[in-house]
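Number of protein chains: 6
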Amino acid sequence: MYPVKIFCTRGSEEITSGICERFKNRLREEIRPVGIAVSNVQEFSNENIEVQVENVRGYFVVVVHTQVPPVTNRLIELFALLDAITNARPEDVLLVFPYMPYARSDRKNKPRISVLGGLVPRIISDVIGIQRVILLDPHDSHVKHYFHPTADEISSVYLLASHIEKNIFSKVSKEDCIIVFADAGAAKRFEQFPYLLKLPTAYIDKNRPDDSERPECNKIVGDISGKAAILIDDEILSGNTAIGDAELLKEGGAKNIIMCAPHAILSNKTLSKEDLVRKLENSPIDSFIITDTVPVKEKLALSEKFICISVASLLAEAITRTINNQSLTDLHNYSNVKFYK
Amino acid sequence: MYPVKIFCTRGSEEITSGICERFKNRLREEIRPVGIAVSNVQEFSNENIEVQVENVRGYFVVVVHTQVPPVTNRLIELFALLDAITNARPEDVLLVFPYMPYARSDRKNKPRISVLGGLVPRIISDVIGIQRVILLDPHDSHVKHYFHPTADEISSVYLLASHIEKNIFSKVSKEDCIIVFADAGAAKRFEQFPYLLKLPTAYIDKNRPDDSERPECNKIVGDISGKAAILIDDEILSGNTAIGDAELLKEGGAKNIIMCAPHAILSNKTLSKEDLVRKLENSPIDSFIITDTVPVKEKLALSEKFICISVASLLAEAITRTINNQSLTDLHNYSNVKFYK
Amino acid sequence: MYPVKIFCTRGSEEITSGICERFKNRLREEIRPVGIAVSNVQEFSNENIEVQVENVRGYFVVVVHTQVPPVTNRLIELFALLDAITNARPEDVLLVFPYMPYARSDRKNKPRISVLGGLVPRIISDVIGIQRVILLDPHDSHVKHYFHPTADEISSVYLLASHIEKNIFSKVSKEDCIIVFADAGAAKRFEQFPYLLKLPTAYIDKNRPDDSERPECNKIVGDISGKAAILIDDEILSGNTAIGDAELLKEGGAKNIIMCAPHAILSNKTLSKEDLVRKLENSPIDSFIITDTVPVKEKLALSEKFICISVASLLAEAITRTINNQSLTDLHNYSNVKFYK
Amino acid sequence: MYPVKIFCTRGSEEITSGICERFKNRLREEIRPVGIAVSNVQEFSNENIEVQVENVRGYFVVVVHTQVPPVTNRLIELFALLDAITNARPEDVLLVFPYMPYARSDRKNKPRISVLGGLVPRIISDVIGIQRVILLDPHDSHVKHYFHPTADEISSVYLLASHIEKNIFSKVSKEDCIIVFADAGAAKRFEQFPYLLKLPTAYIDKNRPDDSERPECNKIVGDISGKAAILIDDEILSGNTAIGDAELLKEGGAKNIIMCAPHAILSNKTLSKEDLVRKLENSPIDSFIITDTVPVKEKLALSEKFICISVASLLAEAITRTINNQSLTDLHNYSNVKFYK
Amino acid sequence: MYPVKIFCTRGSEEITSGICERFKNRLREEIRPVGIAVSNVQEFSNENIEVQVENVRGYFVVVVHTQVPPVTNRLIELFALLDAITNARPEDVLLVFPYMPYARSDRKNKPRISVLGGLVPRIISDVIGIQRVILLDPHDSHVKHYFHPTADEISSVYLLASHIEKNIFSKVSKEDCIIVFADAGAAKRFEQFPYLLKLPTAYIDKNRPDDSERPECNKIVGDISGKAAILIDDEILSGNTAIGDAELLKEGGAKNIIMCAPHAILSNKTLSKEDLVRKLENSPIDSFIITDTVPVKEKLALSEKFICISVASLLAEAITRTINNQSLTDLHNYSNVKFYK
Amino acid sequence: MYPVKIFCTRGSEEITSGICERFKNRLREEIRPVGIAVSNVQEFSNENIEVQVENVRGYFVVVVHTQVPPVTNRLIELFALLDAITNARPEDVLLVFPYMPYARSDRKNKPRISVLGGLVPRIISDVIGIQRVILLDPHDSHVKHYFHPTADEISSVYLLASHIEKNIFSKVSKEDCIIVFADAGAAKRFEQFPYLLKLPTAYIDKNRPDDSERPECNKIVGDISGKAAILIDDEILSGNTAIGDAELLKEGGAKNIIMCAPHAILSNKTLSKEDLVRKLENSPIDSFIITDTVPVKEKLALSEKFICISVASLLAEAITRTINNQSLTDLHNYSNVKFYK
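Chains as they are written, first to last, in the working numbering: chain A, 81 to 421; chain B, 81 to 421; chain C, 81 to 421; chain D, 81 to 421; chain E, 81 to 421; chain F, 81 to 421.
Possibly wrong hints are sitting among the right ones.
Each pair may be met inside one copy or between any two copies, as identical chains are not told apart.
Listed next, the in silico DMTMM-like pairs over lysine to aspartate or glutamate satisfying Cα-Cα at most 20 Å (straight line) [said to hold, decoys possible]: (1) K251 - D366; (2) K349 - E123; (3) K299 - E255; (4) K104 - E94; (5) K421 - E101.
No lab work stands behind these hints: they were computed from the structure.
On a predicted model such as this, the values are computed, not experimentally measured, just so you know.
Make a model of the complete structure from these sequences and hints.
Rendered as structure tokens:
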């Protein structure tokens, strides 16, 4: 077993520090990293970047990267960091994506478009030669097969369900709750939610024919009237979809709305971060249950509606198991959520 | 432009002959194949097979393969056929999958399992070196990215929707119809259906907690009472799921049930083909709208409940466009369905 | 040194169990597998298969596969097993072929044919990424170079020669014995036999012009009259060739006929296994010296003419040496046959 | 011969339009593009981009990309554009880099650094599969071997030399001129300059030991006193180096200073474009001879010291020759400069 | 169809000129090469070589290389020639090996040896990227599968058999002739010979136990007494084997000995070419039937025992068919030998 | 950590023995090789070679190869040696090039030439699969990026500078010394020399227009009159360049000439080794400071002008660090030269 060094790209320090801390009761002291390893990024006058890393010979190297603005710059920085590391001859490299950039561009759903969510894994696997990758709740599960060997997939769904069970059901009667999937994709992606929580479901029908023609047919499928709606999506991006969905739910008679989504990107071309958070706070959504796969600490400092569940322990557990040659399967067992809560 | 030869593996002759016929008004006579090209399959005493093909030097070769029993033997036969063809030095090769075998095994959704739906594309792309592949309604759209370059995807959804519009709405008032998705996967996969037909939707909730606990909550989400339910799934396999869904719909008050699924595999470990068809005919489902992506002629000869829409013209059109260097995008436009009906 | 797990595909349990047992005096207890590791094969209604393996992280994994009917299904099962294993991240994988399927289809000896004996190694090496392969007496030695790195080749020839020396020469005077090669391929493949046993040779001329034209010229080249003919071939498949050869030898005056072939496939399209064995027993061949590279126990249970030399020790020795980083060269030294007899 | 479509990334329109115009007397009308082909870049709220291209089936596609800010975003856009094009199945693709981004990061000259100038070619060749690349005056000639097959290299040195001969020697006596290389790299890179112009040389010694120790030894090697110094470098980036060199030359007694560099990046972290141009105008350099490999029109609109030689004809000639299967060798012959001036 | 250029490495001019000449009635004038294309080989003081080729853009390039001394230098020259050609962007490249160097080192038949006969094809296919290769009578047929796609194999066996039929049977009664295989490899490799000529066979037993032990058993298997022995091997190298075999045949009572081998390497570490030829002339072999796959004109100028059948027409025919997209299968039909005699 | 075996090709024994000796205080005894491992090279009558190596299973294998005549034969021998080793399954392989053959053919600087300096690395990396390579002072630093992962580069420049500082400055006043670069390439390649030694520089202008036209302008740029010129080049090949440069320096008034070049190839097509050394001794060069990257012991036995600095310690240090997973960066620190002097 080799000593461990953990690197991250700029902007991913928050989650990486959290992981580092959680190593304490997991990795044996002789191999445990004392903190984030040093990688210097130099930006030249021509905007080109160059990454230099500290010595990695003989180390098991972990690299953490999550999608943060400026997204494209950080992605190229990731390529540079991995290039620097692999040519510096470590024993092994594990790349961890709390939120993989470009994961939403994962298939050609329009004619003649680029699919960077497919190209990025091939660059990482086939050109840079990374053999181990962990993905946390990717937009679609197939993306793990774009890496070779297949990336390992872990999920925050157990953490989120556990939180709902412990903290929501104490306030709202479980009998009054219903899972509402934001669209068919979320329904497929998070089909375990109603199963874990033993709740009925409703769907929001994003592709319904336009209202003018059949105004009587509702965009919400399922009976949510008088219910506490737990709205499930994989991410909150610009907030527009979430707010639109919430308004529909309110119109449909929902009493409470609790939005639950692992990835809180919270990025909007026309609003500042502060305005976006304020807009969400002023929306009909009563609370947001999210995780820290992307940095949210600062953004949400002033907000009381946001409950952030950290995935740092989950990631630390997954990395530790990889280093220790233990199975990741246990992480998909709801009764094991205590291991990394 | 090179003359065309079209090959198929054993069991795929039905659809391939149909394609050949439809070439008549599409491919110029000088390059049009007169029929299916000769490939002899020799089976030795040790069960090993060897495929020999006729001369392909200077030809644009099309290979058609669909999943037929014995599935595994036919898949190895496909590898052998492609190996024989590529080493015989054709100008170009286009592989067409009306129904790609192993397309359902397209991701690692259990720990430490094989994913042959990922391995088969890599064998075809990376070892055998096939550069052009067409997939018709694969189980999941991401599988096209397992080929390099990305496979082209076409769909029978426009043919099916057009048939419903022309033949069903004349019998059942459109106002009384509702789309029912067999599960979240079908909802995501065929989200265009309600949009094309301007119909409301309902969902069958396959992951609902078990009945004992919350018996009041219905497995069907959405109001189907008194409606003609158009049940959508991507394939009918053993029939068990379809019949179970139909019984649920009946319990929920559906007046009529029309099942619509592109791929009619109709294969059941414990029933003969005839018994399986009879069982489906005796089910609460009033009619089945399917296509001929797998051979169904013989199976359904005696059945009146099954309406089979041929995809031969669609495939012939897609192949012709590939040969003629024309875009396949038009095939995804509902108003163009007349081109290949 | 990593602990060892040994897997096999269905139908290869006989030889794999034998290997496991022979590990007892070879592998240190801490790393020795207690039995064949668990791999579950699920067959769905659509005949697709899925293999799930037990945890292999941190293990040196050995996979044993031999050609058994249904040959093609088992080959796809092997691909699935290897796919499941490699994506479950073992430390190392060694694939062992007592009899490699499709090894006879090892070159393009007719125009425009498939060569699956060339494609299978490329799938295993280039797509699945297996780096270590052991072949036992492949049909042609070149096939080991279809793997990268080159597969390791071992041979049962020393076991067979040793058996003849000990058990045949005690019954038939060595002076009366002659090696007869079944064809030029066998002569090339087993040219060590006469050298090891210090015996003269004769050849059966399989390509002789047809009899009508030059009836006087004999198909047997060399003088076998009054001799005990030890007929050498690499496998007994349908039995037709063996019996034809034996009849020629009888006509040519051979007193006894002892057939010796490592691989006893014993498979015939038109005869049941029992009838095939009976037919061989009733042939002019006095005894058959074979090995258990393919499962023969059940087939030959009732036969007294068949002497089966087990290769389990040889394979266990070769695997052990690979795990222990010892040379396999010693296995090609006749005087070392005692190590694995 | 296939009809041609020419694409460019955003920011490279200036040079691409120029190339398009120069096609007029070069490419036959039937295959000549009428303008830059359409590629739409969509930027989502999460900053991810997606490129969609018009139909390219049956076309010879040319893609032009030069380094413009924001450099990293444009580079990812290039990958997306190439991904979209290659999966849309053109006949052939030619990528043209007037100034290849990251070309200066072309080797590991410090320990454990990234070398994106090596990674970018591998992404383009090995993952995206581009087979034809043209580089104009890369920072180092070896970078062309990072592509497979080897990229084609062309140079603006003949255009620049020709300009000097025609326009400078008419004002300054050739006898008074001297080539001054900005450093050893420039000396190696542009060793043809003094040969083409038949001028003596001087060197600026960038690695001289620090002044305190040996103050008497001059940083300029060679006699420039009273001369018109033609200062050669491959690019003007932040301007600091150029101005420092010019001051040295003035100290050394140079009468005039003419700076000549193909690539005028003109980018400085601490100065606006306008201030940077003003700073250069106020420097001791009398005039700048540059090309338009990066967009300079707007930047230099108000400046009279900058003489910009367009490389559009040179690129159009090189592209035309590639399309017409003609050798590019003639472009390296000084007497042929008239073909593309 | 593209115009053709044909290149060769130094030492292969003889056969290449012959091929060129035979193009005259085969290739249409517009595309026919007028002679061997120019490739200059520069040898520097450090013995490094550099090859420069004339323009190949838009050409179908044929490269001919046969094994000639200095073998290793010529092989590296071939790599250099192919590297120069592929980076100069021809339309297509066909590599033709009348005698492939290192073809005899085609498998690992001793422990831990190099197998350059396996490495050379991988360099040519995988690194240099040559897609079309023709092999004439390789030492073992499997070597063609070391190329990807599989190389095409042609044979001089029909030319040789035809010569024997026409020229030998007129002198020696066919009834008195017998084919003698030099070893088991030759027997396997040339098993068609007795079939084509309808002759009986005998074998020379190269692995027989040493004479002291069983002096009575003959090294020749089969009855050759009083016969005209047509001794078949794939090459004559140092001559020692051939002469040894001939002496055995004489001892065995052979009346005449005619040696027939496609490849006349005629190279001996301890004898000059002249002495080697003289030694062969003085041997008991009455005549040698060989081909010109390696240059023999000069070597055999003075010899009357050597009959050289040119393969130039056969190669020209095979190249022409490849260029014209015609099958090579007809070249394996004995009745078609007239096409290239 | 694995025990070490060190191999070399024929002709590289001198430097390899030196390395072996220097392991003594570096590698722990348990893993230290006792001498050069055995690899037998067999040369057959057809000039083909075959290499056989001793057992390497479980070993960390080091292979040393330097350019020695016959260069091409030794290069093919290297490929054979590496092929034999990699197929014999060592734990790890490190290839060390004191002087990489074909390193000067590192780019396409003329149209349509071969670039074997680019092909050789790809054969070693991509076909043979070597992952670790060390280059000592390659002709151009970019060549290390032709290997994947990037090769490690080390330099003798610190040894040479240290020697000059200790041994030359004691004889010639440092104030009187000047570095003279043999050409622009050497200036770029060895720009550290004047920096390390704190000396001024001059340049020899190899591309100056021919003398007839501007006879007054000097080929030497910089003032060398009365100076001790330390002439720097990367190698001394045929000696012609060195002597020409020296004559220029003498004409320019240099008092002493000390030539310093790491690689002393000393090979001339028209002179014997002895005559070449004599010619250099009789030249105006006062002394030569070289290293033993190529074998020089015998060549220079009689010469007193040559001072040979051994790089054996430097190489032993670099190899040891690689085996011990220590950084090579320290070897690029002038103050650490004591570690390997």
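Now the hints, each set against the structure:
no., hint, in the structure
1, K251 - D366, "within (13 Å within a copy, 47 Å between copies)"
2, K349 - E123, "between (26 Å within a copy, 9 Å between copies)"
3, K299 - E255, "between (23 Å within a copy, 16 Å between copies)"
4, K104 - E94, "within (17 Å within a copy, 48 Å between copies)"
5, K421 - E101, "within (14 Å within a copy, 45 Å between copies)"
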